[in-house]
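**Student:** Here the protein sequences come in this chain order: A and B.
One rule links them: number in my numbering = place in the first sequence (from 1) + 107.
One rule links them: number in my numbering = place in the second sequence (from 1) + 107.
Since the hints were derived computationally from the structure, they do not count as laboratory data.
Please note that a few of the clues may not be correct.
Same chains, same label: a pair holds when it works inside one copy or across any pair of copies.
Straight-line C-alpha distance at most 20 Å; calculated DMTMM-like pairs for lysine to aspartate or glutamate [stated by the list, open to error]:
(1) K475 - E530
(2) K475 - D302
(3) K521 - D326
(4) K214 - D571
(5) K208 - D440
(6) K538 - E279
(7) K121 - E396
(8) K322 - E301
(9) K485 - E133
(10) K322 - D302
(11) K182 - D333
(12) K208 - D335
(13) K208 - E279
(14) K563 - E533
(15) K485 - D503
(16) K241 - D226
(17) K485 - E187
(18) K149 - E133
There are 2 protein chains.
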Amino acid sequence: MRFMTFDKNNEQGKYIYQQIYKGIKERILTGKLQSDEKLPSKRKLADQFKVSVNSVTNAYEQLLAEGYIYSMERKGYYVENITQFITQDEQRINNLPNDLKEEVIDKEGWLSLSHMTSDISLFPFKQWLKYQEKAIKNHASKLTEIEHPQGPYIVRQTISRLIALSRGIICEPEQIVIGAGTQSLIRNLMGMQEDGTIVALENPGYSRFHTMLEKMDFDVRPIPLDEDGINITRIESSGARFVFVTPSHQFPTGKIMPISRRIELLNWSVKLENRYIIEDDYDSEFKYETDNIPSLQSLDRNQRVIYTGTFSKTMLPGLRISYMVLPPKILRDYQNYYADLIQDSNSLGLYTLHYFIENGDYSRYVKKMNHHYEMKRKLLIKHLHLKFGDTLDIKDIPAGLHFLARFQTTRSYKQIDERATQERLEIYSIKRFSLETSYKVENSIDLIIGFANIDKENISEAVDRLYEVIG
Amino acid sequence: MRFMTFDKNNEQGKYIYQQIYKGIKERILTGKLQSDEKLPSKRKLADQFKVSVNSVTNAYEQLLAEGYIYSMERKGYYVENITQFITQDEQRINNLPNDLKEEVIDKEGWLSLSHMTSDISLFPFKQWLKYQEKAIKNHASKLTEIEHPQGPYIVRQTISRLIALSRGIICEPEQIVIGAGTQSLIRNLMGMQEDGTIVALENPGYSRFHTMLEKMDFDVRPIPLDEDGINITRIESSGARFVFVTPSHQFPTGKIMPISRRIELLNWSVKLENRYIIEDDYDSEFKYETDNIPSLQSLDRNQRVIYTGTFSKTMLPGLRISYMVLPPKILRDYQNYYADLIQDSNSLGLYTLHYFIENGDYSRYVKKMNHHYEMKRKLLIKHLHLKFGDTLDIKDIPAGLHFLARFQTTRSYKQIDERATQERLEIYSIKRFSLETSYKVENSIDLIIGFANIDKENISEAVDRLYEVIG
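If we strip away everything but chain A, and leave its shape as in the complex, we get:
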């Protein structure tokens, strides 16, 4: 190939055949080798370059596989007719615009009163890893396959037993749909409903659902809370077909929905066909001073409650394991609509969870964390009262992993956010959960205070920082 120079030692680290391949490819793409031009025979090129025939063969085979050349039996190799690129910028434009560059924020030295975390310090990783090995051993062949769209049957069986005991949920494993988070499950559930369907949410409430449902083109109606929770008259007048509630521990206010309001809500659901309540039981496992509050689903006699639970709060958010319990009618629709959906939760994690629950480790861990969180909660509230005195009003409902607190201050929510960053304190206000309405009581702010991820030793310091933020 007279037009091509070649130096074996030129390009370090590349095999000889790759250098030949690259050289010929470039000549074809730049038009130096023309369409239907015959390439030298392998032997001839090998002699010319002083390399083995094997190297030339490999180069030709690669060019053939990628469609740069074609072969004709007994005749040899020819250049393909290659379309030219429309743009011929030598320099590919791929500088990432500045606005898309990520700042990696160093959280060293920060303290967190976030409600979105869990405490990992007591997590029994040793046990978890032991069950993981068991899962690998016993379910290896299942790991090579795409799982049942609702998750492995035995894991659903284990979850159904667990929530029957702990939450009074009445269901068959068939009714359980496992997924990589409640958000993902709710998106599937709602994805099969018609655009424009009216959906009622608690206000203040879980803003991620609000955003998601609006993007899905639902007619989303934030419904105000009264003393007992979501206002039934307002639900009724909204014309909603679906209502999202957090009866065990209202998010973010922390209120527990009393039995009377629960019955009213259930009664609302049976008054018309196709009305459903979605019970988001996100942190009901944590209840202090009294026993857990039974789920709304356990009171439902008409299969109008869709129950969702998660292992993000009791265990780790990073696990991505949640589940929902579908009434038979919805389940049938779901299976028809999502026959092609792939289970998105890690199946090794699911089988591991199965053994973790089955052997009692899960219940023991939740029990331990109940005590642990209760202790931290008490300590934090004590410190807050000591520091803030009368300027503080805590909605002291002993449940979950956060509480709502009102502080007297003239500062705005924006100022609070800025000062929290200065003080290296992660804290969230009610502002982000006030759906479609600006929520601000004069001379006060409401904060969602989480206590899951603050160490006992740091509580006093966190309260001091909060004082700087608010004061």
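Since the structure of chain A is already known, use the hints to place chain B on it.
**Tutor:** Below, chain B without anything else, positioned relative to chain A:
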């Protein structure tokens, strides 16, 4: 409480306070205790039942927390005004209808020629578990939090380096979006496009995308393949804005898109604003006899290719780790649209993967599996030719984890499916991937033959069973 009898030893396994709680609760719900009726004082009830005051206190506190009773300071406890249930069926109807009951299919003794699996037998679980422990140790605090919506930055960094080397992908970590599967990622990507957008798919092609995109209300156009892959003229005339392709190894036909067609496709994308190509590079890591085929994205000079890759094929489907690479313009839209989206891939798995790649174990494993799969592929093809002789035509493109084979037979696809079940052989035909058209060449059937999950020792037996199915 004269109306309530109570026997400490009656209900085994329940605490005394729970028995009292339950008794009062039932009396309230059935109307035996009336609204605003005063309950006996704790001491009085304790005396009457011969239990400790503590037990009665606990029962009252639980009833209070759930809203069955209310307290008035210095006066005592009163029954709340409880709404009655609309339906009062004693027996809750929750028999799962028969059509929803799951049959657990026993796959014992089955052999699989499915294209959907991977081989787990050589997976280095020991190494994986070692890196998992390292991930727990080094990233414990990250596991307690909700991850970055696109996945941890360091994991994206590692993936971007990996695919730069292995697939020629040019991108920054910022452009990578990790997710629990390609399906989930594509749903997000397309979820922000307008309903009715025209989307072109290869036909035959990946039916799960077809189903999903139709459900998302896109105008989906299956485009036929010619010798070189998807037909550009037909894409152009469809008016599509998005085209889904599998250039490295067309699914399911196995064809490799030659360079000329690649350039034509890229040229198509730049002719109008907002045209994009989605390159699904699902099993490109496996290429036999020649080197890997460079990705389409590596040829793209105009940022019109959205690249997707997965660890489901190279490692395990159950891991649920895939990623896509977004051009800056799409990335900006994505970040705005999905600011509230929660990363759905297990973060412990992601950090583990990070070390697995960084330490070279991933590349070593892929290389090993390349040899392993090549060997199984050759053996399977040899056995097929021996058994079926001239009645078989294999599209012998040495890549990926499956190939397409045409068998002469008068049987229908339905008959083939039925007989495969009888013979306990998992095998899929092209029928399910023929989008919107019935695909059937007279007196022949096309099967997608996967070789990932069949043991070397079972290949001969699987071919014998296939002979029974087809013959």
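**Student:** Give a verdict on every hint.
**Tutor:** Evaluation of the provided hints:
| no. | hint | in the structure |
| --- | --- | --- |
| 1 | K475 - E530 | neither (32 Å within a copy, 52 Å between copies) |
| 2 | K475 - D302 | neither (44 Å within a copy, 49 Å between copies) |
| 3 | K521 - D326 | neither (29 Å within a copy, 44 Å between copies) |
| 4 | K214 - D571 | within (18 Å within a copy, 62 Å between copies) |
| 5 | K208 - D440 | between (43 Å within a copy, 14 Å between copies) |
| 6 | K538 - E279 | neither (40 Å within a copy, 34 Å between copies) |
| 7 | K121 - E396 | between (69 Å within a copy, 18 Å between copies) |
| 8 | K322 - E301 | both (13 Å within a copy, 11 Å between copies) |
| 9 | K485 - E133 | neither (71 Å within a copy, 33 Å between copies) |
| 10 | K322 - D302 | both (10 Å within a copy, 12 Å between copies) |
| 11 | K182 - D333 | neither (87 Å within a copy, 26 Å between copies) |
| 12 | K208 - D335 | neither (46 Å within a copy, 38 Å between copies) |
| 13 | K208 - E279 | between (48 Å within a copy, 9 Å between copies) |
| 14 | K563 - E533 | within (16 Å within a copy, 56 Å between copies) |
| 15 | K485 - D503 | within (10 Å within a copy, 69 Å between copies) |
| 16 | K241 - D226 | between (25 Å within a copy, 19 Å between copies) |
| 17 | K485 - E187 | neither (77 Å within a copy, 29 Å between copies) |
| 18 | K149 - E133 | within (19 Å within a copy, 92 Å between copies) |
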